[in-house]
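Asks: These are the residues of each chain, in order.
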Amino acid sequence: MTKKELENCIWEYGKDIYSFCRSLTLNLQEADDLYQDTFLKAVEVIREIEYEKNPKSYLLSIALRLWKNKKRKYAWRNRIAHVLSLTDELDLDCEKEVGFSPEQEFLKKEEMDLVRRAVEELPEKLKIVILLFYMEDLQLAEIAFVLKIPIGTVKSRLYQAKKILKKELEVVLNEEIG
Amino acid sequence: MKKLDDMLKQALSPKEEPFAGMNINIISKLKEDKPMKKMNQKKFAAIAASSALVLGIGSISVYAAWKYLNPDQVIREIDSEESALIEAFSDENAVYINETQSYGDYDVTLLGITNGENLTKYKVFTSDSSTKSIHEENEDYIPSTDGFTELNDRSYILFAVENKNQAFQNFDDFFDKVQMFPVVMGYDYEECAGLFENAATGRSLLKDGVMYYMYECNNLEKYADHDIYMCVTDDIAFSEYTYQYDNEAGQIARNEEYEGLNALFSLPFDASKANPKEAKAEYEAHLAFRKSLENKQDEPIREELQEAYDFVDQITPENIDDYATLITEEGATQTFGPADAQGRILIDSVYYRDMFRMRIAPEKLFPDGKTEVVQGSGATNNNPDTILIQHFKLNEDGTITLKYYKPNLPE
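If you're matching them up, the sequences are chains A and B in order.
Numbering-wise, the first sequence is residues 40 to 217 according to the working numbering.
Numbering-wise, the second sequence is residues 303 to 713 according to the working numbering.
Everything hinted at is true.
To list a few chain A residues with every Cβ distance to chain B over 12 angstroms, as calculated:
hint, residue
1, Glu-87
2, Glu-89
3, Glu-91
4, Asn-93
5, Pro-94
6, Ser-100
7, Glu-163
8, Lys-164
9, Ala-183
10, Leu-186
Under the rule of at most 20 angstroms between Cα atoms (straight-line distance), these lysine-lysine pairs were calculated in the PhoX-like manner:
hint, chain 1, residue 1, chain 2, residue 2
11, B, Lys-305, A, Lys-166
12, B, Lys-305, A, Lys-201
13, A, Lys-147, B, Lys-305
14, B, Lys-317, A, Lys-166
15, A, Lys-202, B, Lys-305
16, A, Lys-205, B, Lys-305
17, A, Lys-54, B, Lys-317
18, A, Lys-205, A, Lys-147
19, B, Lys-311, A, Lys-164
20, A, Lys-202, B, Lys-311
21, B, Lys-317, A, Lys-95
22, A, Lys-95, A, Lys-54
23, A, Lys-147, B, Lys-311
24, A, Lys-54, B, Lys-311
25, A, Lys-148, B, Lys-305
26, A, Lys-42, B, Lys-369
27, A, Lys-166, A, Lys-109
28, A, Lys-43, B, Lys-369
29, A, Lys-107, A, Lys-187
30, B, Lys-311, A, Lys-205
31, B, Lys-311, A, Lys-166
32, B, Lys-708, B, Lys-695
33, B, Lys-695, B, Lys-705
34, A, Lys-80, A, Lys-187
35, B, Lys-311, A, Lys-201
36, A, Lys-148, B, Lys-317
37, B, Lys-311, A, Lys-206
38, B, Lys-369, B, Lys-509
39, A, Lys-164, A, Lys-187
40, A, Lys-148, B, Lys-311
For the record, the hints were derived by calculation from the structure and aren't laboratory data.
Just so it is clear, CB atoms sit at the ideal spot from N, CA and C, and this is done for glycine as well.
Throw the hints in and build the complete structure from the sequences for me.
Replies: The following block contains the structure:
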C-alpha cells in the first residue's frame, strides 16, 4: 500500500476504525490513543498491507492486536480510576425518525442503550465478533482473517453471543413494534 | 417481535467520528517520514467545538488533507532562525486546523494557531498613538521606543490565502485586497477592533501564488471563555455589507448577500486557559485609553483654527471656486469606479496629503439626489494651513471624481 492509499484509508475507514476503538476501550482517551496507534502501526507495516485486499480488515486486526496488548495495562488503570461506560460517555442518540413522538424517541434511545450495554457486557471474545459483524459489517471470512481463527469458530462465537443477547434483551425483543 | 439482527445493526452502526485534527496529524506525519507523535486530547476538543460552530455557514471544507504548506513548514520558510516560533507552531504546541472557506475570488485557509510569550525575534511596541514592530538583529536603524510598551504575549494565527482570479504579486498586493481582524463575542465590536487591531502585526510568505500570512495580535487566549472569531474580508473594514454583528446578543454572522470575501472562522482556543480577570483588565485599560482620547478631542479648539473650520463649513459645491483653489498637484484629482456587486464604489485616494480608502454607495455620498458634495478635512497638528477640501462629483457614467481644494482662508 502506498502512503496515498493509506491516507485514503484514514478518510474512508476512519469512522469505522474509530467506532471500533471506542467500543473496545469504552473510553475516549484510550480510544483516541488506540486509533492513532493503529495508524502508527499501519505506517510501519505499510508495505504488508494490500490496498486491493480489504485494508479495513487489516486495520481492524491491527487495532485488535494493539488492544489486546494494552488491555492488561488499561484493566489495571480502570480498577483505580472510574471509567465511564460506553453508553454513559457516548452520545449515541438514535437518528430521529420521522413520525416518532418525543416519548417514542426517548424509548427508542433507551432501547438502543440497552442493546449497546448488553453487547458491552458480553465476554470479550464474543463481543469482538459481534462488533466486527454488526458494527464493521465484515463477512464471516473477514472476521476469521482479523481474528486469525477458523470460520467455524467465528460462527460458533456469533451464535453464542446472539444467544446471550437474546436472553438479555428478551424484554425488548418481545415488545410490540410501534 | 423485533429482530435481534436489526436491533444490533441499528445500535452498533458506527457513529463516532475521530476528531479530524487527529486524522490531519496522522496524515501529516505519514508524509513527513518522521516518527509519529500523538496529539493531545484538549486540542481535539477545542477543534471539535470550533468546527461544530462553523459548519454549515457556507462554502467551507474542514480538515481535508493539507493542500498548502502546514504551519510548521510555513514558519520555517518565513524565517528558519525563528526557533521559538517554529517550536510554538509544531504540531505538539499549536492547534492545526486546515479549514478552507471560499468566497468571492478567494480561498482562505485557516492553517493553525499558537499563543505565547516572546516567541519571535520581532519585538512589538505600542504607544498611545502607534505600534512599532522591530527586528533588532536585522535593522540597521532601531527606532526609539521611549514611551512605548513592549507587547510580548501574543496570538499567532496563520492563514493561506489564494486569489483564484489573479495570483498575489507581493505582500502589498495582498494587503491592499484582504483585511483580517479578530472579534470576541460579548465585547463591543468597535472596541475589539481598537484593542486588537492597534497592536496587530504580521509576517508573510508568498509561495506559488499563495500568500501565507501570520496575523499577530495580543494574546486572545485570555478571552477563551468567549467565542472568538476571525473575519477575513476583501472589504475595507467591518461593515454591515460583510458581517452582521449584534453586540448585545454577542453574535456575528456572515452577510450572505455579500458577493465578495467575508470569511468567518471560529478560533478554537482552549477555554480552560481563559483568564477573565486579565481580559477584563486589558479591555478596561483600552476603554480608559479611548476615553482619554475623547477627552482630548473635547478640549477647546484654538480660536484661529475654529475660525478656519467655520470658513470651510460655508463652502459648497456652488461657491467652491470663489473660496478655495483647486490643487493641481499630481494625484489631487482622481476618478473611481465602477461600482462593485453591492453597488458601492471603492474610493482609494492616493493623494499624498490625504490618503484614505472607503467603499461607499453613491446614494450615501450624494444624498437627496445631489451630484456634488464637498467636505473639509481635519487640520494636522492644529495647523489651519493643512486643511483640505474634498470635492466629490458623481459622473454620468456612475464613476466618482474626487478633487482636492485648498481653502482661501482669510488673512
